[in-house]
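Number of protein chains: 2
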Amino acid sequence: MSSTFSSGPDTGPLRTAIGIDVGGTKIAGAVVTGRGDLVEARHVATPAHADAEQTVAVLAAMAGDLTARYPDVETIGVGAPGMVTWPTGHIASAPNNAYRDLALKDRLAEATGLPVVVDNDANAAAWAEKRFGRGVGHRDVVVLTVGTGIGGGVIVNGDLFRGATGLGGEVGHTIINPGGGNRCGCGAFGCLETEASGTALRRLGREAAARNPDGAIARLAVGGEVTGEIVTRAAKDGDPTARTLFEELGTWLGLGIASIVNNFEPEIVILGGGLVDVGELLLAPAQAAYQRHVVGRDVRRLPPLVPAALGPEAGVIGAAALALDELKPVAPVP
Amino acid sequence: MSSTFSSGPDTGPLRTAIGIDVGGTKIAGAVVTGRGDLVEARHVATPAHADAEQTVAVLAAMAGDLTARYPDVETIGVGAPGMVTWPTGHIASAPNNAYRDLALKDRLAEATGLPVVVDNDANAAAWAEKRFGRGVGHRDVVVLTVGTGIGGGVIVNGDLFRGATGLGGEVGHTIINPGGGNRCGCGAFGCLETEASGTALRRLGREAAARNPDGAIARLAVGGEVTGEIVTRAAKDGDPTARTLFEELGTWLGLGIASIVNNFEPEIVILGGGLVDVGELLLAPAQAAYQRHVVGRDVRRLPPLVPAALGPEAGVIGAAALALDELKPVAPVP
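Listed in order, the protein sequences are those of chains A and B.
Just so we're aligned, residue 1 is where the first sequence starts under the working numbering, counting upward by one.
Just so we're aligned, residue 1 is where the second sequence starts under the working numbering, counting upward by one.
Be aware that a few hints might be false.
Simulated crosslink set (SDA-like; lysine to any residue; CA at most 25 Å straight-line) [said to hold, decoys possible]: (1) B/LYS328 - A/ASN157; (2) A/LYS328 - B/ASN157; (3) A/LYS26 - A/LYS328; (4) B/LYS236 - B/GLU267; (5) A/LYS236 - A/GLY311; (6) B/LYS328 - B/HIS138; (7) A/LYS328 - A/ARG15; (8) B/LYS236 - B/GLU225; (9) B/LYS328 - B/PRO307; (10) B/LYS236 - B/VAL278; (11) B/LYS26 - A/GLY296; (12) A/LYS26 - B/GLY296.
Hints were generated in silico from the structure; no laboratory data involved.
Starting from the given sequences, assemble the full structure and let the hints guide the process.
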């Protein structure tokens with residue numbers, strides 16, 4: 001049991017929902033209050049090669065287990081990776097999961113007897129920041145979650161922006177380096193996600209270690225593989241090569257943010273995800289590239305880049321909040 | 001007097017507005033009906049080096065002239081290039097015009113005594129397509145106007161998308177080639193506008209003529225400068241070099257569209273502007289690059305790319321429609 005963020009004084013009885021965050025390696029579930037507080041959380045490994053049936057069974061079991069202990073939960077929200085349509089909650093594909101073409105919203109509602117919403121996992125995390133984190137008080141927000149990949153959620157006029165069928169707001173697939181960039185899981189070349197994520201850092205680190213087997217990165221990785229954590233440690237130790245890699249990563253991140261801000265003009269850009277925890281190593285070059293490339297830099301107040309308030313629990317908290325807000329919408333920010 | 005497009009049966013008396021389209025070389029004005037029909041149009045050269053005062057005086061004189069002949073006009077809409085805030089109608093800057101920091105909406109309302117709206121020129125053109133062109137019947141639309149530059153307008157949920165203060169939806173400044181690209185008027189490198197516009201075509205043509213002074217492009221330009229029109233003529237004559245330049249231009253255009261669709265997921269992408277008149281020379285490579293790079297190409301119906309229905313008058317028609325719709329909003333698409 002852990003307490004997180006509170007959205008201020010509440011009236012009436014405290015509502016609860018189940019939030020579920022489906023990942024490539026683990027599935028997290030929690031009972032969450034309408035104030036964004038975690039009541040009880042659990043997780044299971046994502047079953048390898050689970051098809052649609054097995055995935056529905058795992059989620060239904062987790063939900064059944066939590067509703068048995070908290071019979072007052074009103075609804076279930078699921079954040080899942082991949083192409084998720086809205087409001088239908090249908091997963092067309094998910095590059096890192098085995099299932100395809102899964103009508104998850106309908107299947108889980110049938111299995112549990114509760115109202116269910118299913119959205120993209122990055123949208124769920126973004127909604128948590130909007131409701132309980134750095135997005136509170138803002139109507140127009142972009143949230144980027146920089147981890148193994150880069151997920152994004154866009155809030156426009158107080159609501160999640162989803163495009164015509166839920167496939168919009170895929171800001172991690174803003175294309176910034178199609179000529180020189182790497183192939184993305186989506187099939188394109190040079191998406192923001194391929195150039196500025198943890199996966200990109202690991203790739204850059206491996207290339208650097210291969211070029212210089214006596215360098216700090218290669219030495220730290222002796223007996224194992226170069227990981228993003230190793231590059232981070234080398235950079236924090238002052239290794240100039242590792243710091244250059246963060247410069248490169250941060251520059252792509254800032255370029256992507258400039259392009260996204262040119263499209264969406266939020267009031268604020270919130271950066272979450274594990275890689276953002278390294279701080280200024282990444283954020284300083286990102287900020288510099290963003291300022292250099294965004295439209296109208298000389299004649300406007302730029303939307304600030306700020307680190308997220310919520311941690312890895314943003315996914316379950318946001319999924320639960322989405323489900324509760326769908327039953328009873330929040331009052332708009334004045 | 002010319003008739004353009006009609007939005008179907010109307011009820012009640014026919015409303016009229018003045019639409020004004022401010023360009024870098026000319027200012028067009030027209031009386032336009034609520035059905036998008038042009039009643040009377042005129043234009044003047046944009047006064048060279050006109051400051052804010054002179055610009056307001058020119059627009060007020062044009063409006064005064066038209067209201068004297070059509071006293072029933074209800075309102076004035078202006079589409080102007082540059083960074084235009086909404087709903088305040090303040091022009092922070094306009095790269096190709098001399099004025100800066102111009103409170104055009106307030107100034108023109110004061111000068112004419114009529115309600116005024118001022119928006120970005122590309123938004124006005126996009127609104128014309130939404131109301132009277134290929135966007136009719138759609139709620140989520142992206143319009144790109146490919147000419148000397150690339151302007152863009154985004155319609156979300158039936159309304160123009162403007163971002164927090166009117167500076168959003170700048171899809172012509174989607175950054176697609178920051179490493180190898182050219183410097184944009186906005187100061188960044190590799191914006192869609194610098195890589196896929198008429199200006200880009202002229203630049204590519206000049207480079208090709210310099211490389212090969214005996215080639216078709218150089219020969220067609222003898223005694224003059226290489227222009228986009230010359231490259232177009234060479235391509236239509238079958239010159240392989242000129243066709244390659246269109247391949248390059250169209251590929252960048254398609255890449256930009258993929259990135260924009262990943263962000264906004266419209267139902268349809270409408271391409272207008274003079275360069276689109278060349279047809280398949282540009283559209284075929286754009287379509288191919290778009291399909292190769294957009295997210296989820298295998299699991300979804302892609303928003304189609306279609307040519308615009310309206311021509312160069314889209315700017316004045318859309319500006320007038322914006323003004324009328326601001327006084328009395330259109331009923332939403334069911």
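Hints the structure fails to honour: Of the numbered hints, 3, 4 and 9 do not hold.
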